[in-house]
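S.K.: Residue numbers (this note's numbering): 3 to 206.
Be a bit skeptical, because a hint or two may be false.
Stated by the list, open to error - With a Cα cut of at most 20 Å, we get these calculated SDA-like pairs of lysine to any residue: (1) Lys149 to Glu133; (2) Lys149 to Leu123; (3) Lys149 to Gln159; (4) Lys149 to Arg136; (5) Lys149 to Arg162.
Unchecked claim - For each label pair, taking beta carbons as the anchor points, the in silico distance ranges come out as: (6) Pro72 to Pro105: 16 to 26 Å; (7) Ala131 to Leu92: 20 to 30 Å; (8) Asp172 to Asn75: 32 to 42 Å; (9) Pro72 to Gln157: 38 to 48 Å; (10) Ala131 to Ser29: 33 to 43 Å; (11) Arg168 to Glu133: 19 to 29 Å; (12) Thr88 to Val132: 34 to 44 Å; (13) Pro142 to Ala116: 33 to 43 Å.
These aren't lab readings, by the way, just hints derived from the structure by calculation. Don't be surprised by glycine CBs; every beta carbon is placed ideally from N, CA and C.
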Amino acid sequence: MIGEIRRLGNPMVERVHTPQSPNLLISQFLLVMKGHPGTGKSTLAQALARALRWPLLDKDDVKDHTLGLPEGNTLAYAVLWQMMATQLALGLSVIVDSPLSYPVAYATAQQIAAQHQARLLVVETALPAVEWQRRLEARPADASAHKIRGWAAMQEQLRRYDECWRYPIDPAHHLLVDTSQPVEQTVRLVIRTLYGGGDHESSR
């Protein structure tokens with residue numbers, strides 16, 4: 003059981019204290035977000051990046067520049083995975099923000115984490131349908147062209163997905179969070195889970 007997570011200077015680092023090993027240094031982490039548009043995925047990812055001082059890689063930042071290209075979405079993921087692997091190769095923990103809607107994306111994250119001996123945690127965001135709809139309808143009209151805005155557009159996207167996002171994830175590295183809760187509370191839950199002080203089932 004983890005007894006304490008210390009701050010060295012300002013950032014929270016991966017140093018934990020246990021009765022058996024008072025200065026155990028945990029290996030690096032790969033924290034991968036999962037969730038539909040409008041479920042608070044990016045808001046949580048940004049809050050975690052600020053709290054942990056880890057690099058944040060957002061697939062949408064890449065897709066903004068690949069949208070008009072053939073297989074632009076596939077290319078965006080390829081670039082994302084390469085950047086993620088580079089951060090891990092440097093010995094850094096990293097947060098990756100993407101929907102992770104397809105099982106191949108999860109498998110890729112597993113493979114890259116294993117290659118770099120990084121501890122994987124998939125943080126999946128969800129919230130009650132009424133609040134989800136409200137957030138999608140409130141998205142500004144000038145949002146990025148490839149980002150879904152409005153409930154009808156989301157329902158159409160779900161039809162195209164054809165349940166593909168409902169693939170099994172190893173419970174050992176899966177945390178489902180309810181993003182209708184305060185973001186600070188959810189950040190604390192994720193950090194506790196990363197360092198062994200929380201369960202991996204759900205915050206809902």
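S.K.: A separate judgement is required for each hint: does it hold in the structure or not?
M.R.: We went through each hint and held it up to the structure:
1. For the hint linking Lys149 to Glu133, the alpha-carbon distance of about 18 Å falls within 20 Å, and the restraint holds.
2. For a cut-off of 20 Å, the pair hint linking Lys149 to Leu123 is broken: about 25 Å separates their Cα positions.
3. With a C-alpha separation of about 11 Å, the suggested pair Lys149 and Gln159 falls inside the 20 Å cut-off, and the hint holds.
4. Among the hinted pairs, Lys149 with Arg136 is consistent with the structure: their alpha-carbon atoms are about 16 Å apart, no more than 20 Å.
5. In summary, the hint linking Lys149 to Arg162 is supported, as the alpha carbons are separated by about 15 Å, within the 20 Å threshold.
6. Between Pro72 and Pro105 the beta carbons are some 23 Å apart, a value that agrees with the proposed interval 16 to 26 Å.
7. Hint check: Ala131 to Leu92, Cβ distance near 41 Å, so the stated range 20 to 30 Å is violated.
8. In this structure, Asp172 and Asn75 break the distance hint of 32 to 42 Å, their C-beta atoms being roughly 25 Å apart.
9. Distance hint for Pro72 and Gln157: a CB-CB separation of about 27 Å, inconsistent with the stated range 38 to 48 Å.
10. Look at Ala131 against Ser29: about 38 Å separates their beta carbons, and that is inside 33 to 43 Å.
11. For Arg168 paired with Glu133, a C-beta distance near 21 Å keeps the hint of 19 to 29 Å intact.
12. A hinted range of 34 to 44 Å for the beta carbons of Thr88 and Val132 is consistent with their spacing of about 41 Å.
13. For Pro142 and Ala116, the Cβ-Cβ distance of about 40 Å falls inside the hinted range of 33 to 43 Å, so the restraint holds.
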